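Participant: Chains as they are written, first to last, in my numbering: chain P, 23 to 444; chain F, 23 to 444.
Note that these hints are calculated values from the structure, not bench results. Given the structure is predicted, the values throughout are model-derived calculations rather than measurements. Where hints are given, some of them may not hold.
Same chains, same names: a pair is fine if it fits in one copy or spans any two.
Straight-line Cα separation of at most 25 Å, SDA-like style, residue types lysine to any residue; simulated pairs [unchecked claim]:
1) Lys46 / Gln85
2) Lys42 / Gly77
3) Lys46 / Gly77
4) Lys145 / Asp162
5) Lys145 / Asp167
6) Lys46 / Ala228
7) Lys232 / Ser403
There are 2 protein chains.
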Amino acid sequence: MSLIVQKYGGSSVSNAAAIKRVAKRVAATQQQGHDVVVVVSAMGDTTDELLDLAGAITHEPSQRELDILLTAGERISMSLLAMAVANYGVQAQSFTGQQAGVITDAVYGRAQIIDVVPHRIRKALDAGNVAIVAGFQGVDPIANDVTTLGRGGSDTTAVAIAAGLGADVCEIYTDVDGVYTADPRIVPTAKKIERATYEEMLELAACGAKILALRSVEYGRRYGVPIHVRSSFSQSPGTYVSLSTQEDSVEAPIISGVAHDRSEAKITIVDVPDVPGTAADIFAAVAEVSANIDMIVQNVSAARPGLTDISFTLPEGDGKRTLSALRRIQGDVGFASFQYDDQIGKVSLVGAGMKSHPGVSARFFAALRDAGINVEMISTSEIRISVAVRADQLDDAVRAIHTAFDLDSHDGEATVYAGTGR
Amino acid sequence: MSLIVQKYGGSSVSNAAAIKRVAKRVAATQQQGHDVVVVVSAMGDTTDELLDLAGAITHEPSQRELDILLTAGERISMSLLAMAVANYGVQAQSFTGQQAGVITDAVYGRAQIIDVVPHRIRKALDAGNVAIVAGFQGVDPIANDVTTLGRGGSDTTAVAIAAGLGADVCEIYTDVDGVYTADPRIVPTAKKIERATYEEMLELAACGAKILALRSVEYGRRYGVPIHVRSSFSQSPGTYVSLSTQEDSVEAPIISGVAHDRSEAKITIVDVPDVPGTAADIFAAVAEVSANIDMIVQNVSAARPGLTDISFTLPEGDGKRTLSALRRIQGDVGFASFQYDDQIGKVSLVGAGMKSHPGVSARFFAALRDAGINVEMISTSEIRISVAVRADQLDDAVRAIHTAFDLDSHDGEATVYAGTGR
């Protein structure tokens, strides 16, 4: 008997019929002899509807009240799911984040889980119940107020509960059957990734793959929780995320996939005085407005001695207030001007194997060159290469790299991917 | 400065515009220098919609889960109202029943309030906030589970919170401007009752007046909380419920009003052996199925020595299972048959003054006789006379009694009602 945590998103519980289908799966898992904890999101568009209601009342809602409001959504889905599971002859009890012992800090709207104290969940399981837990929410124990974890919060709840209970696996159910080597809408020959390390999944999530929330992967890595991303519409296995991809590391794949992101913009600051401390001044001003800087490039120009250009990327949503910040410091720092460009895209190649395999970079840039794609910025980690390109060339870039690293699936091929020794 | 508890029902907060209107009134009350606690019901039909959702999942929902589900409704309305009040420049914080310290027993669906421990509310008030509290809900502190108080529960929450805080008044806002001497749809000349005692209001509520929930009046009486029933659409005073109607009791009215109830049915058990213990056997069986018996009449018939008929009234909803219970004991108790009659109506005359004024009964029955109405059952308390009549004569009975006790309003009359010395 193992202890399984299952997480179902809003689209899996969008109406009564969908809730019953999920309940059937949950009940069947328990009847196979497992202890089952289910983490559930709000039904369908409930969260957006509640946000609309708040928007009809005020444009500046109190964050505390907004969090109380939004947690109503999971309260509804969790109790309905508990009723539905009971209808299949399996005892079930639902628990709010607070009742489940999900302890967070006091940052309303994007609280971080500090600890999970799942006494009630354990007790419910020991009494033969399926425990149903509201995702996305916790409690700030100082004020005794409810908090929400922000977008993707239910994934994090599930992994945190799994860690707190020492679960054997945390299954994240979604409407696709796993994480793919690239977005199948761009690369129809993309393959499902069968196994990935936390690091690979972190890089994929950070670079734009939207299946699994970044913070849930971080939590899984910290506590060593195996995560299984799979479809709620089938029984076939999805993508398994764990410490190492396979026992036999010789067989481990070099590359796990190609991620892309259209949501960033590029700011270029022109003719910055090339003296110590100017970059620090600029990025201090940007940090003050809480902009999330991603790639940074600085080049000293031989043609203009003593001056340099600095470019960086950031989410488009952070653009406006970052430009205001730059305007404020322009006189003090003494740069000539700045430009804003939202027509860029980022493509990233991720793979734990690349750190021990030379030649990956060369193949990567050759593929882009052969496809006629100009690279504007480059950033790398041990297991990732990312570049910024023109937005209208992004899809071509994804396809070119996917093909160059032999990630395209072939008919009848049973092994989905394998190391190629490059 | 006084401490005012205000309760707004679902129809007062049915949409964003209605919530803003309530918020304006709340903010104005606080800006007049009062401490304000607001108890709020779920928006409009939210509770019924949640019940429908549960009905689409299962016909036998767990009561625990149903309570968790239903409490989502007030969570939504209370947080939206807090946002709306803040929009008028007044600090506001919302609290669930649990956060507000509403402690109940563990009877899901119709929990009783055991205690109110309003530390957080007091603290929020002291910090200059309007405190907004979810009605209809509390917490069972043993299991640490949420409970609901049943129909009319928000009225009870409001009065209980007012008692716990020692509030100066508990204002119950509704869509009519007070409690009337009779239902104005039946008696167009009915007058608003300006003042009533708890006892009178209890009898009126128990006899079918639907403005104020019975349990909230009981709670108010026990803790001496003045209750003011008034309209959320006007500033004029409504009906004030307190310990005594007026200081000068000579001026106090004898009669407060005429209530009616169409929701009861009558069961008559025919030819019951007239020996000790049969009535006890019958009502034990009825109690076992939790039927709420109201009036009981037993008559020994001279024509059938040793046999008697027993009739009683009960809510129509309790009829089916009561008949089943009677069928089960028929052989043991040895009665001949039983009849079910849902074509009855109950009319009640209520007034604290009647206990010290003789002649009220005589005038009551004379009025019914003059209107040609046959009385089927009678029950009385110190301050009430109730009779069961044919359902199709109920409206006539209400009007006849209302007129006989001079309750009809007259044009230009400033004093709404006064003692007449009858």
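Participant: Checked against the structure, which of the hints given earlier come out wrong?
Facilitator: Those not satisfied come down to hint 6.
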